[in-house]
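Make a model of the complete structure from these sequences and hints.
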Amino acid sequence: MSHDDHRRLKIFAATGGEHLAVEMCKHLELPLGAAEVSKFPDGEIIVKIDEDIRGRDCFIVQSTSKPANDNLMELLIWIDTLRRASAGRITAVIPYFGYARQDRKDEGRVPITAKLAANIITAAGANRVLCMDLHAAQIQGFFDIPVDHLTATKVFCDHFAQDNEMNGDNMVIVSPDVGNVKVANMYAGLLDSTLAIIDKRRDSGSEVVSKRLIGSVEGKNVLMVDDMISTAGTICEAANLLMGEGAKQIIAGATHPVLVGL
Numbered sequence: 000m001s002h003d004d005h006r007r008l009k010i011f012a013a014t015g016g017e018h019l020a021v022e023m024c025k026h027l028e029l030p031l032g033a034a035e036v037s038k039f040p041d042g043e044i045i046v047k048i049d050e051d052i053r054g055r056d057c058f059i060v061q062s063t064s065k066p067a068n069d070n071l072m073e074l075l076i077w078i079d080t081l082r083r084a085s086a087g088r089i090t091a092v093i094p095y096f097g098y099a100r101q102d103r104k105d106e107g108r109v110p111i112t113a114k115l116a117a118n119i120i121t122a123a124g125a126n127r128v129l130c131m132d133l134h135a136a137q138i139q140g141f142f143d144i145p146v147d148h149l150t151a152t153k154v155f156c157d158h159f160a161q162d163n164e165m166n167g168d169n170m171v172i173v174s175p176d177v178g179n180v181k182v183a184n185m186y187a188g189l190l191d192s193t194l195a196i197i198d199k200r201r202d203s204g205s206e207v208v209s210k211r212l213i214g215s216v217e218g219k220n221v222l223m224v225d226d227m228i229s230t231a232g233t234i235c236e237a238a239n240l241l242m243g244e245g246a247k248q249i250i251a252g253a254t255h256p257v258l259v260g261l
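Sequential numbering from 0 applies to the sequence shown in numbering that gives the first Met the number 0.
Calculated directly from the structure, the hints in this document are not laboratory data. Note that the Cβ used here is the ideal one computed from N, Cα and C, for glycine as well. Careful: at least some of the hints might be erroneous.
With beta-carbon atoms standing in for the labels, derived distance ranges [claimed, not checked]:
1) 258 <-> 137: 18 to 28 Å
2) 105 <-> 54: 43 to 53 Å
3) 139 <-> 5: 22 to 32 Å
4) 5 <-> 154: 18 to 28 Å
5) 87 <-> 217: 54 to 64 Å
6) 217 <-> 25: 40 to 50 Å
7) 6 <-> 109: 41 to 51 Å
Pairs of lysine-lysine residues, derived as PhoX-like cross-links and limited to a Cα-Cα distance of at most 25 Å, are as follows [to be verified]:
8) 199 <-> 181
9) 114 <-> 104
10) 104 <-> 199
Here's what the structure looks like:
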């Protein structure tokens, strides 16, 4: 990064992105952008930027996780505030992109809310979006602005590569469902391990009626990888199946621990 780029860069922390924004600033040796977020007595959010950002390259960090609606609305207000303060470019850093599971019409008379969220983020004034391990990769195409879709795969693989019991022939990478096979296969390649898949057959699009393991885990350490763990229902069901198939040890790795109810 050139001196001019460093000088023009500003990173701001929204309510759902404070920790990450602070760490980003430490890494880049930048001060955190000066701003205030407050609420009116009726709960309406107001954002005030306390420094000149005219022409600056601004990043606003905000996950739209729980409370999803409040965090999404705050993100929109941040973007609008930055735009009206004449920011040169606005990048929305959204590590966890809420509403990503509503990415298609899987039955009649339902919305595609992931597309709606993309539309309103763009309409608010964002010039670019940066996110991590989207639940559905095709959401990148919902935006009419550039999207940088990052993955935590290398971070996980670097961690497990240090443990001889969790790589190579000692380990099997398991995809807890068919939809995550591409990601699981990437892990298997990086860790030089074999791949297994849990195939789930559903009745009427909801109730799981049967599960079967494609591959072998007998006597092996297992790493199950997924983009998120929400209720943990899928992961727990998969773990029970793998234990029955003779797995030695089971570890679950997910980028986004939503963990509903905790």
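Evaluated hints:
Between residue 258 and residue 137 the C-beta distance comes to about 25 Å, which sits within the given range of 18 to 28 Å. The hint said 43 to 53 Å for the Cβ distance between residue 105 and residue 54, and at roughly 45 Å that hint holds. For the pair residue 139 and residue 5, the beta carbons lie near 28 Å from each other, so the given range of 22 to 32 Å is met. A beta carbon spacing of about 25 Å between residue 5 and residue 154 agrees with the range 18 to 28 Å that was offered as a hint.
The hinted window of 54 to 64 Å between residue 87 and residue 217 holds, with their beta carbons roughly 58 Å apart. One distance hint, 40 to 50 Å for the beta-carbon pair residue 217 and residue 25, holds here, with the actual separation near 45 Å. Checked against the given bound of 41 to 51 Å, the beta carbons of residue 6 and residue 109, roughly 47 Å apart, stay inside it. Note on residue 199 and residue 181: the hinted pairing holds, with a Cα-Cα distance of about 16 Å set against a maximum of 25 Å.
With a C-alpha separation of about 11 Å, the suggested pairing of residue 114 with residue 104 holds against the 25 Å cut-off. Pair hint residue 104 plus residue 199 holds up; C-alpha atoms about 20 Å apart against a cutoff of 25 Å.
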